[in-house]
Amino acid sequence: MKPRRFPWFSYLLVAVGALIMVVPFLDMVFTSFKGPGEFGRLPYRFLPEDFDFANYGAAFSQLDMPRLFANSILMTGVAVFSTLLTASLAGYALAKLRFRGRAVLFRFVLATMMFPPFLFLIPNFLILANWPGAGGNDLFGAGGYGGLLTTYAALFMPFLVSGFGVFLMRQFVVAIPDEILEAARIDGAGELRIWWSIVVPQTKAALITLGLLTFVNVWNEYIWTLLVSTVNPDLMTLPVGIQLLQSYLDPNLTQPIVMAGLVISTLPVLLVFLLLQKYYIRGMMLSGLK
Amino acid sequence: MTTLNGSSPATAPTASKRSRRGSLAKSRRRQAWAAWFFLSPTLLFFGIFLVLPLLFAIGLSLSVWGGFDLTRIEFTGLDNFGAILSEGSSFVAPILTNTLLFAFGAVALALVASVAIAHAITRLRFEGFWRTLYFLPIVTTVVAVGNIWKYLYEPGGGLINGLLNAVGISSVQFLSDPDTALPSVVVVQAWASIGSAILILTAGLKAIPHTYYEAGELDGTTAWSAFWHITLPLLRPTLLFVMITQFIGALQSFALIIVMTSGGPANATNVAGFEMYQQAFRFGSWGVASAMALVLFAVIFVITLLQLWFFRRKGEETS
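Order-wise, the sequence lines are chains A and B.
Residue 279 in UniProt numbering is what sits at position 279 of the first sequence, and the numbering runs on without skipping anything.
Residue 108 in UniProt numbering is what sits at position 108 of the second sequence, and the numbering runs on without skipping anything.
Any given hint could turn out to be false.
[Stated by the list, open to error] From chain A, some residues computed to sit far from chain B (all C-beta separations above 10 Å):
#1 Arg41
#2 Pro43
#3 Glu49
#4 Leu63
#5 Asp64
#6 Phe69
#7 Thr151
#8 Val200
#9 Lys204
#10 Ala205
#11 Asn232
#12 Gln277
[Unchecked claim] Footprint (simulated), chain A over chain B, 3 or more residues, beta carbon under 8 Å:
#13 81-88
#14 105-112
#15 178-186
If you're looking for bench data, these hints aren't it; they were derived computationally from the structure.
Virtual Cβ for every residue (Gly too), placed ideally from N, Cα, C.
Generate the whole structure from the sequences, applying the supplied hints.
Written out as structure tokens, the structure is:
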């Protein structure tokens with residue numbers, strides 16, 4: 001509905017709202033340039049006195065940034081790869097392959113989406129800690145200390161498969177015409193070959209969407225990584241590390257450094273999001289299809 | 001919210017005509033093998049990280065266990081549930097009431113704002129640009145969102161108190177005053193979740209046929225009454241979906257609490273998820289924590305059903 005009159009009220013509403021959305025981010029950026037003692041000085045000033053990069057240096061020297069980045073990249077990379085692979089294979093099976101139990105398994109996948117993640121926090125922590133044969137554990141998962149929990153695997157293990165991902169891919173694979181798949185079968189192609197050379201290329205857009213959703217979710221993961229890095233600090237990811245920058249004794253002094261850290265950690269995701277926004281937004285819309 | 005069971009109808013009629021029965025059966029068998037092979041990583045994962053944990057959580061909630069050695073687990077029946085739900089337990093009040101207030105406040109705020117803004121955006125130019133701005137918090141880690149707002153609220157140098165001081169109001173201790181702490185966190189939760197609500201509502205708004213509005217215009221309806229009498233009623237299924245998903249998210253959310261307040265001051269912002277986390281990972285009361293998780297899950301389940309029931313009763317066909 002585009003009325004002829006200029007919708008000034010709508011403009012006002014949206015613009016004021018947008019200001020409330022953007023100003024906190026600008027405050028983060030501007031504060032990250034404020035010098036020592038500048039934050040907390042009254043009266044409040046939005047802009048820094050001059051653009052000083054010292055806080056970025058401080059964030060880098062106080063934290064092992066290369067390690068934080070490496071951990072975040074490892075965790076996100078493995079999770080995205082595994083989610084795409086398993087979701088695409090399972091989605092193809094549930095959409096196009098004929099076998100007994102397909103309907104039941106599809107319902108099972110839908111049911112997995114009903115359980116909120118917090119339910120699994122405690123049991124997954126304990127399951128990884130008592131993983132048989134890892135970290136000195138015996139075959140019954142007892143005896144050792146930490147099991148898989150102290151290894152890099154702990155970072156990504158709970159994020160390897162996504163029920164929503166399987167559902168999403170299944171909905172897209174269903175749309176591929178059966179004739180193409182049948183023709184390939186008659187030509188003697190195996191199912192793995194059909195999956196790789198027909199299903200994967202045909203669902204490229206959906207795979208990008210799912211990859212992007214997974215990337216953002218896992219990169220920003222906080223609670224699980226916080227737990228894992230209290231067990232083994234070497235496993236610390238960016239969000240957890242940044243939180244360490246603040247000093248509880250004098251927050252006013254360390255705040256600009258925290259903000260510099262936040263800019264460093266949020267920038268990669270913001271850039272990826274802005275570049276591939278179209279795919280991300282489609283994914284969010286599709287999650288509304290459930 | 002439709003298209004779920006609209007799976008592909010019988011496949012391969014063309015092939016069956018061409019090939020003989022024997023090779024068809026062989027192809028079927030091969031497909032079944034391939035299907036189980038393709039599904040095996042997913043099913044294995046759900047077995048280890050979904051089914052097993054659920055059983056484990058139920059088992060733990062019925063026992064006392066100090067950690068480490070699983071052979072020293074002691075079965076105590078419903079004692080944990082009795083303890084956390086008893087009168088005078090801090091889990092019921094203030095923690096569960098906080099959880100409900102937190103979720104209700106955040107959802108109400110986000111819903112009203114997102115309906116108004118999603119509707120307004122459809123009337124502007126550069127729709128995509130505006131929506132992107134509202135979407136920024138969704139792709140930002142909760143650590144950043146929490147810290148940014150923590151310092152916006154800061155009494156001695158934050159932006160909000162700076163603005164209040166500029167108009168002559170003295171500083172408010174937003175996060176350290178028990179009366180303002182919970183509402184302050186609620187605002188942040190709503191701020192952070194408004195983007196996805198706007199996105200899904202936009203899809204719902206675009207699905208409303210133009211003809212309704214044109215008919216309204218012929219009758220001389222104002223924009224305002226068109227919004228009340230055409231847009232809102234037709235948006236109801238989408239609103240229900242947004243409301244339910246936002247409630248589920250808000251009821252379990254506690255990352256923001258960890259970052260901003262650690263449940264303080266004096267339990268004023270303590271919510272069920274955070275208490276569960278503390279009981280398990282700080283105090284090692286795995287049984288009590290698991291019982292809390294299951295109670296919270298039950299609460300989420302009941303609230304979801306209540307919303308569905310309420311909307312259905314009002315004569316709305318959803319999904």
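Here's how the hints hold up against the structure:
1. Arg41: 7 Å, violated
2. Pro43: Its Cβ does come within 10 Å of chain B, the nearest being 6 Å, so this is violated.
3. Glu49: 14 Å, holds
4. Leu63: Leu63/A clear of chain B: closest Cβ-Cβ about 13 Å, beyond 10 Å.
5. Asp64: 17 Å, holds
6. Phe69: Its Cβ never comes within 10 Å of chain B, the nearest being 14 Å, so this holds.
7. Thr151: 16 Å, holds
8. Val200: Holds, because the least Cβ-Cβ distance between Val200/A and chain B comes to about 12 Å, which exceeds 10 Å.
9. Lys204: The assertion about Lys204/A holds, with a minimum of 19 Å to chain B.
10. Ala205: 17 Å, holds
11. Asn232: 14 Å, holds
12. Gln277: 6 Å, violated
13. 81-88: violated (count 0)
14. 105-112: It is violated: at least three residues are needed, and the stretch 105-112 of chain B offers just 0 whose Cβ sits closer than 8 Å to chain A.
15. 178-186: violated (count 0)
Violated hints, in rising order: 1, 2, 12, 13, 14 and 15; the structure is consistent with all others.
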